[in-house]
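Residue numbers (my numbering), protein chains in the order written: chain A, 11 to 217; chain B, 49 to 895; chain C, 7 to 235.
Calculated directly from the structure, the hints in this document are not laboratory data.
Cβ coordinates follow ideal geometry from the N, Cα and C atoms, glycine included.
Computed beta-carbon distance windows for the label pairs:
1. B:E379 to C:G51: 23 to 29 Å
2. A:L162 to B:N684: 55 to 61 Å
3. A:K178 to C:C100: 26 to 32 Å
4. B:A808 to C:I46: 19 to 25 Å
5. C:I46 to B:R686: 43 to 49 Å
6. C:T124 to B:K857: 17 to 23 Å
If you want the building blocks of each chain, they are given just below.
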Amino acid sequence: MEKSLGTLQYKANLFKILSEFYNKPKDDMQSLYAPLNDSLVALYPDLVTYGKELESEFLELHGDITPLSVEYAKLFIGPFDVLAPPYSSIYLDSGHQILGESTKYVEKLYRNAGLEISDSFKDLPDHIAAELEFIYYNYFSYIDTNEVQFLLNIETFLESHLSLWVAKLNDQIWKRANLEFYKTLTLLTTKVVVHELNEFKGNVTIH
Amino acid sequence: MNRRNFLKLSAVTGLFVAGASQTKPVLNAFSKNAQATETNEAQGEWIASTCQGCTTWCPVQIYIVDGRATKVRGNPNAKANHGHSCVRSHLALQQVYDPDRVKQPMKRTNPKKGREEDPQFVPISWEEAMDEIADKIIELRKNEETHKLSVWRGRYTALNGILYGNLPKIIGTPNNISHSSICAEAEKFGPYYSETMWGYRDYDHTETYYELLWGADPVSSNRQIPHSTNVWGKVRDQAKIACIDPRLSATAAKADEWLPVIPGEDGAIAAAIAHVLLTEGLWYKPFVGDFKDGVNRFVNGRTVSESAFEENETYGVVKWWNLSLKDATPEWAEEKSGIPAEQIRRVAQDFGRAAPRAISFLSPGACMHVRGGYTSMLTHGLNGLVGSVDNVGGTLDGESVPVNSLPDFTAYVDRIAEKGNSMPRIDHGGSLKFPALKDSTSGGVKMTNYVADAVLAEDPYDLKVVLSYWTNFNFSNQNTKRWDEALAKIPFHVHMTVNPAEQTHFADIVLPVTHHMFERLSAVRGSKGNTYAHLSMQNRLIDPVFDVKIDETEIAWMLGEALERKGFPNLINYFRNEFSDPETGKSPENGLEFNEIAVKMYTEPLWNPSVQKAGDTINGWDELKEIGVWNSVKYNYRKKWGGNFGTKTGKFEFYSETLKEALEAHAEKHNVSVDDVMEATFNTAKGELAFVGHYEPAYRVGNEQEYPLIFSEHRSRLNREARSANTSWYQEFKDADPGDEVWDDVLKINPVDAEKLGIANGDMVKVTSPVGEITVKAKLWEGTRPGVVNKCYGQGHWAYGHIASLDFKKQLPRGGNNNIILADVYEALSGSSARHGGSTRVKVEKV
Amino acid sequence: MGKNYAMTIDLHKCVGCAACSVVCKNENNTDIGMNWSHHIINVSGKFPNVKYEYIPTLCNHCEDAPCVKACPVKAMYKDENGLTLHDADKCIGCKSCMASCPYGVISFNKKDPHQYWTEQTALVEGMTASPKEVSEIAGEKLPYYNPEREYNYEGMRYRGIVEKCQLCDHRLARDEQPYCVSRCPAEARYVGDLNDPNDPIHELLGKYGHKKLREDLGTKPKVFYLREF
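Put together the whole structure using the sequences plus the hints.
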């Protein structure tokens, strides 16, 4: 239908969509699958099937997202045992507690990029959704300004932080999840992160 | 999904959609912190000014953020302090923003004056205040008694010549009274009468190998504190340091030798050091010269023939020996001073071996004694003996800082003023008992503290109108009770002040003035350090916090206008006609313009690049304000050598022909002999001893039976001339003065004495002298000798503000003001008040 | 690799003037009684052989910081540059850190700081100002408030939390020395990076030898005292 987007725009969209999927399930999630597919096709054709799977798992709910909401709560919120806390400090810091040194670290990276956690975001700075949105923001800003610093922000963030724990989150979810949806999501996320990192490593100086 | 939905989705989620523009990212987790990266940058700007917290008068810079003064540092353009400032400079921030400042002009409504009287001040406008003052002055002029006006000055800037210098002359009074005599004059006596230098010396710390500090505490208080502090580690590495001080001062704590002299007996040690230098052949021969045959005839107890010695740069070394030094052995000095002979000898030998890079550092502490003028001569004479005068690593004069003088005012002095100007002075300076011999002139210094007595006795007459700025005379002068009485007696008294001080309590009109460091443009000259002299600018860096005016210029201008309204235009005409912008020729039209033009005229030789001078080149007035300081060239050593000392003989005088002439002139003026002058000034010298540095036994008020302890006072590294006690930073770190306590004002007493008196640490004690009493906390302290109690000056304010006083409303002071108990005595030869040297005895009782 | 910040204080140069402590208050907007920089004074001997020693103190930014271990909410933490930092947002004011700190350099805000500046009564009505009046004229509650502190710490802390020396991490982050270092008139202080072999701190430590406060406790302080007062 329309003209296609540029690579970086697809990347921005990809991370934004992944980020949205880690928020509480909402009815209108349906609208995200098409742009997800577009991005994957354009960027990482080998991952297109994960996108499709995600969509079909969602469609199997037939409009009732309750089971997904329950699963989301069990994995990420509680109130009882949180099966797979979506925070970096759980996986990276000694003590396996929330609000660790890695939390402080991402806050600093956010700050350096001109961001702070919004008051309306009632969660911790190292929540996977925030971290993925951070990458989206940097791609967006790069497209907007052409300032290389934003790409360097992404590289630093992926290399020194996100890539270090996303696979661990994936492992945890695969151990504890009941439904396939979040297994697929974290697997997709992990693979995207790995691909991205590889691109940066092979292409350190981006002009 | 259709395109419309997709666009909507794009708007909600912030996704890129082909064919549509996406202007900003949509973020759930973040908000853009506009300040984040940007804010970790300097948010302010450093602007030059001058700190007058002590008389080092440091060029500083103030950090201005959004029009607020937030930080202070040394001005990096200054060579004297090379960008450093001391702890007291920072306290100024709490002064300028002190809510306890006077915020508008006030007028007294209670005609009765006294400490117990509530002045019942009411606000008035500046115009009303000026009219009231002008009325009083016009009345004096009508009655042809303008001499009954007195203008009092405390600290000042280069513009003091307007309010303090010329205004009184144009109105017609000789009674402009400065605070100089309570500041330090006695220590200038020796340098003047040996090398005609009436001023503070610069000491060449970084080049010296020995520092002999006579009550001086340069890492803590005047002089050159930031520079001294900065190089002290290096000085300790390369030099030996000896402190002669009754208390363990901050510098003594970091010295090689501490000589805890019995207060006032410094002269004995100095004479003994001179004795050792001479008997052991340690004097510096290239400066002093030598015996013609090279054989040292300076032998203990023996008179030497003057003809046997040939001097180079000095005059009278043999006379000095014969008159004053030949019997002054360390053993003799031990008896007088309480310092072991072997320590005196060791110090003397080390000092002599370091010659000529050896400093004998004078301070008020060792000279502001009743007989301390001669201590000043003795201690400065040591610099002569080791040849450090005007020499590398020694005691230096300063390079010149050329400025313009104020325009001539004589055309504005009318008959009435002339008559008033010719009246005798209120302060008695130049009278027989007060020679006050500044610059060889009898009466060259104003006897500040004696003004209280003169007012009370109406001798030579009464004062009717007093204009007083940057002063607090009933706090800062010894025996304050007399001042309370004198102030209560003066019918009309205008106090120009930053805070409501003790003196304000007796004022009829209170005028709020600018804080010198932040709220006024001016210049300050006369200071030096690190071998450079300079002029430093003050600046209006912030909008004044309150409705304040600049005392020395703006208020003088407004008073000139008010006097003109009432028929006496001479003052304002002087300002209008004689002052004009050196660049544009414009005449001032208001007080602020007058202020700026006056500073600009004064400093013109420094900012006008076409004027030849030895020092920085500054291109224009604005550049001077921006740089903030003009530095001279580095000091040219030995420029006074070769007969350029300015004395009668042209030499550095150990035997002062210059003093002899001045004393003889003073004696002649009063038709007496020099011996009579000695007697009248409480000195014991007879005959020619009066013309050389010599030992005089300490003079004390109070008999030993009734008042067994000697009271010794000292300065604080946090004092901004006794004006910083109302800042919390001062109180929180008061224990940075060795032995002192935070938020308190303790009497330091040796544990041996304390035990005898049954006093425990922290007990409240009453300290009584023949003139007054204070009640303070006792601190048991090994840093003072038995028989001597020690206390810091600066606290004990019963006015000033909510921190300085324990209870302002009840006039309850925090601690006790030393000047309540210090007797009003003088070093009369220099005209100095004698607050040091243990001039007052006390008794201490537990309460 | 992150930095490993440490401070040297040359006691030989130090004159005990407390400028470090005053300027610390200035930089960090601390209220009366909240002194991140302070001192220990030791006096020994009897007249006239008296020894006076002034030892400036501050948070030691211990490598093995007891406060970090004691803090239940990770408000006290070691950052990537070896600093021991306090996060005001997380602090719950339990004072465990204060109890665990052997150096007594952590302060607790019993009330909101600088309340004085909200007072509306003048000392002498009509003649002097109320503190609030001055705040309003200056445009800041604390008239000489330093806003640069806000960058990575609360500009002024608040009731119910602790506070302590952050080694001016906002200044370090822009390659400036902490304010106490910059304003020390004796130039007795220096902060350097132990991880950087070219940092002058190694020369200082090597030249003079050094000691630390209460080394016996195993906290591994990062404030090194050189020479003697």
